[in-house]
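Peer 1: Each chain, written out:
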Amino acid sequence: MFPCNFLCRSASQARFADAIRSYVCLFLLFVLFSGLYQVANAECLMRGTGDLGIVIERASGSVQILDTTAKASLFRVGGLGDLSHASAVFSRDSRYAYVFGRDGGLSKIDLLCGTLDKRVIQAGNSIGGAISQDGSLVAVSNYTPGGVKVFAADSLELLADLPALDATGKPSKVVGLVDAPGQQFVYTLYDAGEIRIADLSDPAAPRVRRFPDIGRLPYDALITPDGRFYIAGLFGEDGLALLDLWEPQQGVQRILNNYGRGKEKLPVYKMPHLEGWAVAGRHVFLPAVGQHEVLVVDSQTWKEVGRIAVHGQPIFVVARPDGRQVWVNFAHPLNDTVQVIDTQSLQVVHSMKPGKGVLHMEFAPRGENVWVSVRDADRIQVYDTGTFARVAQLQAEKPSGIFFTARAHRTGL
Amino acid sequence: MKQYCYKTLVFCMLTGMAASVHPAPDADRQAELLYLLKHDCGSCHGMTRKGGLGPPLLPENLSDRPPQLMVNTVLDGRPGTPMPPWRGELSEQDAQWLVEAMLRGEGL
Chain A
-6 MFPCNFLCRS
4 ASQARFADAI
14 RSYVCLFLLF
24 VLFSGLYQVA
34 NAECLMRGTG
44 DLGIVIERAS
54 GSVQILDTTA
64 KASLFRVGGL
74 GDLSHASAVF
84 SRDSRYAYVF
94 GRDGGLSKID
104 LLCGTLDKRV
114 IQAGNSIGGA
124 ISQDGSLVAV
134 SNYTPGGVKV
144 FAADSLELLA
154 DLPALDATGK
164 PSKVVGLVDA
174 PGQQFVYTLY
184 DAGEIRIADL
194 SDPAAPRVRR
204 FPDIGRLPYD
214 ALITPDGRFY
224 IAGLFGEDGL
234 ALLDLWEPQQ
244 GVQRILNNYG
254 RGKEKLPVYK
264 MPHLEGWAVA
274 GRHVFLPAVG
284 QHEVLVVDSQ
294 TWKEVGRIAV
304 HGQPIFVVAR
314 PDGRQVWVNF
324 AHPLNDTVQV
334 IDTQSLQVVH
344 SMKPGKGVLH
354 MEFAPRGENV
364 WVSVRDADRI
374 QVYDTGTFAR
384 VAQLQAEKPS
394 GIFFTARAHR
404 TGL
Chain B
4 MKQYCYKTLV
14 FCMLTGMAAS
24 VHPAPDADRQ
34 AELLYLLKHD
44 CGSCHGMTRK
54 GGLGPPLLPE
64 NLSDRPPQLM
74 VNTVLDGRPG
84 TPMPPWRGEL
94 SEQDAQWLVE
104 AMLRGEGL
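Residue numbers (the numbering used here), protein chains in the order written: chain A, -6 to 406; chain B, 4 to 111.
Calculated from the structure, these hints are not laboratory results. Any given hint could turn out to be false.
Stated by the list, open to error - Chain A residues, not near chain B, derived (Cβ > 12 Å throughout):
id : residue
1  : THR62
2  : LEU151
3  : ARG275
4  : HIS304
5  : GLN340
6  : MET345
Unchecked claim - Restraint-style ranges between C-beta atoms, simulated for each label pair:
id : chain 1 : residue 1 : chain 2 : residue 2 : range
7  : A       : GLU257    : B       : ASP31     : 41 to 49 Å
8  : A       : THR294    : B       : ARG32     : 50 to 58 Å
9  : B       : GLU92     : A       : ASP237    : 40 to 48 Å
10 : B       : GLN96     : A       : ALA63     : 44 to 52 Å
To be verified - Just so you have them, the derived chain A footprint on chain B, three or more residues with Cβ under 8 Å:
id : region
11 : 38 to 47
12 : 53 to 67
13 : 85 to 94
Where is the CB? At the ideal position from N, CA and C, for every residue including glycine.
Just chain A, with the same shape it has in the complex (with noise of 0.2 Å):
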């Protein structure tokens, strides 16, 4: 404080006074602030990212950073909203994670440095997101108000907004996001029952091409690693809409019809994922609806070649990244339970509880590791793909989906 009551003669100096002590208030802020940020930077790692990954904590709003050469959990960042069902995808130089929260949040989370880097509400309630092949765009899927929004990934910047009305004008939950080659964005409309591709190379002016009458309640999609057939799962019939990219005026075609083979379908619980890809040769590993079955697909003819009893209803049908292997876990109330098929034999040759709740596996990028959240457990397995014995165990609080940055590199991840 300036003594000012007795320094000071004049108005004018009064007012000098003030702006002085503001100047030195302005630079005593600056001065700690630029501490603290110095802080906070001496503890981001100088390391690289290519085994690096997150798991979402799902009831407390945060991700922990995992490193998978450790076995270990580097950070813990909050502050991410309600992360109920939540994923994520990562920039192209694998720093950063894009997590998609229930609440419509979008968080940027710096892998490096353990912080929330930036964050944007997009939405009021949204369902997962994708990013676009030169890395440079960030779409994510809205159930309300339906839709689909492009962001830069630098800035979190809007860039453009698709709407997913139905023919009649009515907004649809969007499903099933995920980037294709070209600067497409592939998505599925819930409720409409349709596919659109949405051409972003010029982000002001996004071109979306439309596909009605796919089947009803299309509930999630998958794009092959090649990013050429998309393929969306049917809850309201027996069946899945598959699109080829690469001859996209061929329109929609209708495979594995009827494969309920009109069996009563159980309740489901809980409904599938379709994520990633598990292919093993021109074998296709897909989740049956409301049977405990895993339905496996020929991709050069798309029929049916046989199907594979399992333990419940399957949720995730995940391929070792070799294809050697399909691991699959189950809706509740089976989810205690996983299964490993062996995808010469199409035999299950494995299953084992890791604990209540398991809800998402995630392999290391040349597989010789999983990783599975075990909800209930409040802990993340680690197993050994080729002897199935556990070689790590880490705490999180109700962890949900685990992602490895060798996403980055993979289309549809």
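For chain A, the structure is supplied; the task is to place chain B on it using the hints.
Peer 2: What follows is chain B alone, placed relative to chain A:
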């Protein structure tokens, strides 16, 4: 346990639930039901019940609906939608208590 029952009884009397035909599930079961509501119902309706693939289940969304209809929806599902029947896993009393819990906004 005894103390908890006593508290529950007082709570029920205060809220008029004691008049309900169905006795409330015990404290352990209530905790299980709230966990189920949060995590399993939450996978479609959102853990904060603000909705997702399924509609929101907040008190303001439900207050004008007949409670028995909601109990029936929980037990028998809604054909033509992904809402499954929970009968078998949940008793009539469980479903009744869950609907009342949702209407009170319990656990939010």
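Peer 1: Please go over all the hints and tell whether each is borne out by the structure.
Peer 2: Right, here's what the structure says about each hint:
no., hint, verdict
1, THR62, "holds (31 Å)"
2, LEU151, "holds (22 Å)"
3, ARG275, "holds (31 Å)"
4, HIS304, "holds (17 Å)"
5, GLN340, "holds (30 Å)"
6, MET345, "holds (21 Å)"
7, GLU257(A) - ASP31(B): 41 to 49 Å, "violated (33 Å)"
8, THR294(A) - ARG32(B): 50 to 58 Å, "holds (51 Å)"
9, GLU92(B) - ASP237(A): 40 to 48 Å, "holds (41 Å)"
10, GLN96(B) - ALA63(A): 44 to 52 Å, "holds (49 Å)"
11, 38 to 47, "holds (count 6)"
12, 53 to 67, "holds (count 4)"
13, 85 to 94, "holds (count 5)"
When each numbered hint is compared with the structure, a violation occurs for hint 7 only.
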